[in-house]
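Here the structure of chain V is known, so what remains is to put chain F in place on it, guided by the hints.
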Amino acid sequence: MDFLRRRIVTSIVVFVVVLNLDFILPRLAPGNAAEILAAGSKVPAAAIALLEQRFGLNQSVYVQYELYLKGIFLSWPPDFGVSYGYYPATVTQLFFLRVGWSLLLLLCSLAVGIAFAYAAAAVTSLRRGGTFEKAVLQISVLVNSTPIFWSALGLLWIFSITLGWFPLYGSVSFDTTSSLSFVISVTEHAILPVATLGLSIFGESYLLLRGSTQEVLKSDYVLAARSRGLLDRTIASGYILRNSMLPLISIMSFSLASLISRLVLVEAVFGYPGIGDLLIDAVRLHDFPVVEGTLFYLTVMVIVGGLLGDLLLLRVDPRLRSE
Amino acid sequence: MIAAMLSLVLLGPFFVPYSPYAISGLPNQPPSFAHPFGTDFLGHDLLSQVIYGAYPSLLVGLGAAVGATAFGFFVGLLGGYYRRLEWLLSASTDSILSIPALPLLILIGIIYPVNNTIIVEGLILVLWAPAARAVRAQVASVKKLQYVEAARTSGMTDWQIIWRVIVPKVGAIAMAYFILLVSVSIVLVTALEFIGIGNPEIVSWGSILYFAQQYGFYLGDWWWVLAPGLSITIVATGFALAGFSFEEILNPRLRT
Chain V
136 MDFLRRRIVT
146 SIVVFVVVLN
156 LDFILPRLAP
166 GNAAEILAAG
176 SKVPAAAIAL
186 LEQRFGLNQS
196 VYVQYELYLK
206 GIFLSWPPDF
216 GVSYGYYPAT
226 VTQLFFLRVG
236 WSLLLLLCSL
246 AVGIAFAYAA
256 AAVTSLRRGG
266 TFEKAVLQIS
276 VLVNSTPIFW
286 SALGLLWIFS
296 ITLGWFPLYG
306 SVSFDTTSSL
316 SFVISVTEHA
326 ILPVATLGLS
336 IFGESYLLLR
346 GSTQEVLKSD
356 YVLAARSRGL
366 LDRTIASGYI
376 LRNSMLPLIS
386 IMSFSLASLI
396 SRLVLVEAVF
406 GYPGIGDLLI
416 DAVRLHDFPV
426 VEGTLFYLTV
436 MVIVGGLLGD
446 LLLLRVDPRL
456 RSE
Chain F
-13 MIAAMLSLVL
-3 LGPFFVPYSP
7 YAISGLPNQP
17 PSFAHPFGTD
27 FLGHDLLSQV
37 IYGAYPSLLV
47 GLGAAVGATA
57 FGFFVGLLGG
67 YYRRLEWLLS
77 ASTDSILSIP
87 ALPLLILIGI
97 IYPVNNTIIV
107 EGLILVLWAP
117 AARAVRAQVA
127 SVKKLQYVEA
137 ARTSGMTDWQ
147 IIWRVIVPKV
157 GAIAMAYFIL
167 LVSVSIVLVT
177 ALEFIGIGNP
187 EIVSWGSILY
197 FAQQYGFYLG
207 DWWWVLAPGL
217 SITIVATGFA
227 LAGFSFEEIL
237 NPRLRT
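These protein sequences, in sequence, are chains V and F. Everything in the first sequence is counted per our numbering, starting at 136 for the first residue and increasing by one. Everything in the second sequence is counted per our numbering, starting at -13 for the first residue and increasing by one.
Here chain V stands alone, though its shape is the one from the complex:
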């Protein structure tokens, strides 16, 4: 269980770092939060003083730090302050209002992307150099270096603007009457974002799978399996892919963070009301408590996702269990 213990320690370290980063970054800025908020708008000095008091900004940094930690750990739900843009709503409320849509996109895209990458790797792993293999490889390389917001704009233009097959923005239309039409509407709205994100996950994981199948192909146990006369199909699914999945799982849990960055951009293009959209709104409204809180929750999501990935790895790879 050494492996798991190490990963838990890492997670705690990351948690502490993001907790402190969230506290330090805004306080390194010139001026204080209340002044930044008031900059450019006509806010009376009394209101600024009130805000300073509300956030404890007129106290020493240590007192502020104490208040900050108390707000997060000793109150439920965790207190990241109040949004400036959607005034009475708290950051935590806003985050949990939106996170469902983001998770829907994220999980569907992961499922679609990895399933296709897995299938493509299964077909191509034993047929190196074929036309199909080359085509898939080129698509993956291309997808990997295309900025995701641009491919999103491209898909949006083709399928929504020109062909009109899918809605332009949003996650569900307002005029759904039955639960069935609700589901249909949600699906319609989700297809393009999921396709964009799924394509990018596909490119990434196919290249990874390809790299690791290459290693596995050279291994002695594949040679042994082949000399025992096993079918190509059995070798591909039972030996090569099973072993190539391991690096994919461990790297996927690492690239969860980059996945969230891409998710933000996809939501920005498709006007999908998840966390990304919340962040874009926050940029427009200069709403930094929201960004601060969102960054914290997203990092916690990455940490939890990483730990889940580790548990999965433990299940799939018996070598780690005996370590």
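Honestly, I wouldn't trust all of these hints.
[Unchecked claim] Covered by chain V, per the in silico footprint, the following chain F stretches (three or more residues, Cβ under 8 Å): (1) 78 to 91; (2) 94 to 104; (3) 174 to 183.
In short, the hints are calculated from the structure, not lab data. Since the model is a prediction, treat every value here as computed from it, not as a measurement. For glycine and all other residues, C-beta sits at the position ideal for the given N, C-alpha and C.
Relative to the frame of chain V, chain F by itself:
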């Protein structure tokens, strides 16, 4: 491909048909002979904008890549050489890799007044970790070699060993990371400008796309998005492929 793009950046401004800030035609025109990439919602010529826009995008991308590689290289060297510092290195790289980069950059972009320096610094903050990790691994393995031992017994100090023996050995991998990082940071910069963190007054690939999304794309002005997006893709792919082949030359095991 990279050479073509660089010459475009250097020579392009002398050949552009119109000033990117001047209104040179009717608004929202599709590509034509007078305006090969069309015009935007105010009648700016998009070809000129794309050529001018290359400069800020590439400049910030290069700056961030240089900074992130240098910082990552330095941290990796120290972390790989001094075993005692290793925990610090792995704690910080793990943290950076687990904190989503874009939300972090958005936070920085909201809190600080946005200018190129802040963006470059922010990018360095989110991008140095993979290079540091690779350099650290390389240093740790080089350190075990016998001639490092020999250098030590011949009385070289730690600094001398690091600079004269280890740096030449691991410099190449830093170079490969540098090229890859150029590609990554150009895409990230453009993404930031696209969502509105950056200076929309300055013409850059990201700001063209930002205005396109705000003002014309939903009307079907595809030409507004095509050229800047394609430029970013070409540059990013060019640098990524260059980086990969560099890595492949360095690391014969990757060759197929």
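Checklist entry - Do at least three Cβ atoms from the segment 78 to 91 of chain F come closer than 8 Å to Cβ atoms of chain V? => result holds (count 11)
Item to check | Verdict on chain V covering the segment 174 to 183 of chain F, where coverage means 3 or more residues with a C-beta closer than 8 Å | outcome: Contact hint for the segment 174 to 183 of chain F vs chain V: holds, 6 residues under 8 Å.
Checklist entry - Under a C-beta cut-off of less than 8 Å, do 3 or more residues of the segment 94 to 104 of chain F approach chain V closely enough to confirm the stated coverage? => result holds (count 6)
Checked against the numbered hints listed earlier, the structure breaks none of them; every hint is satisfied.
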